[in-house]
Amino acid sequence: MKKILNYMTLVVLVIWLVGIPVFTLTPEHAQAETVEKNSSKIGGVTPASGSITNIDRPNVGASFGLAAGETYAAATVEVDGSNDTTNASPSATGFSYNPDLGQGNHQIKTTLFYNTSAGMDYAIRVWSYTVDTVSPATGVQPMPDYTSNYKIMVPVKGTDNVTGIASTELWYKFDNDGNTFNDPWQLGPVVSQMPESIFFDAGQRGGEGRFAFMTIATDNAGNKEVKSLHEEAWIIYDDTAPRQLSRDGIVLEQKASGNQDSIYCLPGSVDDLSTKVVAYSDSSLKQVIFESPVYGVNGQKKCGAYGIGDNQYATIYIVAYDSAGNASFATQVDNDFSIASAPMNLTEKRISDSSVLLTWDSPAGEAGFRIRYRKAGEVTFSDFVELQSSLNSATITGLSPFASYEFSVTTKDFHGNESLASMVSSPNKSQAVVPTQVVDKTTEKTTEKTTEKTETTKPTDKPDTKKEETTKKDETKDEATTKDESKAETKDESATKDETKVDNTTSTDDNKVGEVKGTQSKDSETSRNWT
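In the working numbering, the protein residues as written are 157 to 687.
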């Protein structure tokens with residue numbers, strides 16, 4: 157009877173091996189599907205439970221250890237819930253093989269059937285491990301161009317889809333001579349896992365200069381990132397303040413709201429890294445008047461001041477900032493309220509019916525000139541033009557040829573102070589040429605010629621009839637002269653009418669706005685408008 161039972165058990169085992177689950181043997185076996193039982197009889201599991209491997213086809217195996225009086229009957233092997241007994245080929249001592257596994261976490265379940273004196277029994281052992289053959293992907297994130305703090309937090313980011321990043325190396329390259337090609341890569345801080353940023357002490361690793369960074373990470377399976385050494389991000393460490401400004405500037409009285417006045421810094425007062433000058437209205441550095449890039453005008457460092465109200469005075473405290481954020485105050489606050497010197501030797505010359513050339517001598521310390529003009533007799537000046545300091549002449553066009561003009565030229569210094577005006581007048585065209593004078597001179601010449609001819613007539617011994625003929629001719633000439641004088645008077649009347657027409661057309665020309673042409677075009681980048 158006992159032999160029959162053993163035979164039936166073997167038949168059932170064979171049937172199960174071809175597809176019928178083992179839990180169909182007994183209800184107790186169904187419960188054993190999810191719970192380990194007699195697991196000590198299955199040992200030497202490979203890979204070990206909870207381990208990881210960077211091999212895509214690791215060796216999977218276990219050894220069976222039965223007690224005295226116990227004999228091996230059969231065994232099954234499942235991989236991730238699938239029966240893989242055929243590939244594993246278990247025997248009385250265990251099994252060992254290399255299944256084709258993919259990336260990720262895997263579970264091995266082995267069931268061992270064995271005979272005892274009391275009948276057949278079984279043991280179950282379950283263990284897990286991870287396969288990860290792909291290295292992490294990491295890199296340094298974008299950084300600002302400059303910093304004034306040697307404690308640099310280098311932003312990093314990376315991923316590893318299976319086991320996760322175990323450690324990260326920060327590599328750097330330092331340059332302080334402008335030749336980045338010859339600088340070697342050096343290993344910097346090494347941190348565990350992958351933080352959001354890695355602390356880097358620039359002061360201990362070269363000091364001021366340019367630092368380039370890259371990362372190399374290793375995951376928990378032992379896969380190390382492989383990449384060529386290259387710059388992923390860079391930053392310039394600069395903790396030296398820019399050279400001090402030579403002086404602050406002053407914005408004097410504004411005559412029109414919203415327009416631009418000027419302040420200045422002396423040449424070379426700002427480092428070449430400097431990108432802006434910030435002006436504050438007081439020394440607390442809280443109220444910003446303006447923020448402007450520095451640009452050069454006539455050899456001076458210039459920047460515009462905005463936002464000063466009408467009829468206000470404001471002392472401007474200028475602080476120069478370099479690109480790393482280092483600040484430097486001016487060494488002197490300049491309260492220069494002196495009056496600028498006026499242009500000297502201002503002259504005018506009409507070079508055409510509608511244009512006048514102005515010339516002058518430039519005083520010392522000038523930054524530019526303001527030119528105004530008005531017609532004689534008017535109270536206010538017309539539109540004006542600004543010229544840069546390198547010019548000392550201007551041609552004003554679009555003028556009326558029959559109107560007299562007054563011209564005003566003032567100087568502005570680098571503080572914004574404006575000088576008293578130098579004035580000069582220009583007569584109209586009609587004052588240079590008078591038509592009646594031309595007519596009078598013509599009449600005089602005609603009379604003189606007639607008198608001369610009369611006086612040079614020589615007496616003769618010819619009969620009196622010839623004298624009579626000469627007298628008649630002279631009388632005829634006198635009549636012609638009288639007619640010429642009448643025509644001249646008629647011309648005088650016509651000239652008087654023409655002058656009346658000129659006076660009428662002058663009022664029409666009053667609406668024309670003159671143009672000023674310097675020796676440099678109006679589109680010049682260095683021309684400026686003051687109020």
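Please keep in mind that the hints were generated in silico from the structure rather than gathered at the bench. Please note: incorrect hints may appear among the correct ones.
Claimed, not checked - Derived lysine-lysine pairs resembling DSBU-like cross-links, with alpha carbons at most 35 Å apart:
#, residue 1, residue 2
1, LYS265, LYS380
2, LYS505, LYS531
3, LYS313, LYS380
4, LYS383, LYS307
5, LYS307, LYS265
6, LYS383, LYS329
7, LYS307, LYS329
8, LYS329, LYS313
9, LYS265, LYS193
10, LYS329, LYS265
11, LYS193, LYS307
12, LYS505, LYS568
13, LYS197, LYS265
14, LYS380, LYS329
Said to hold, decoys possible - Distance windows between CB atoms, simulated:
#, residue 1, residue 2, range
15, MET309, SER384, 23 to 31 Å
16, LEU385, MET309, 20 to 28 Å
17, ASN254, SER384, 27 to 35 Å
18, HIS386, ASN254, 52 to 60 Å
19, PRO298, GLY320, 37 to 45 Å
20, SER384, SER245, 40 to 48 Å
21, THR227, GLN259, 56 to 64 Å
Since this is a predicted model, take the numbers as computed values, not measurements. C-beta: ideal position from N, C-alpha, C; glycine also.
Would you pick out the hints that fail for this structure and give their numbers low to high? 5, 10, 11, 18, 19 and 21
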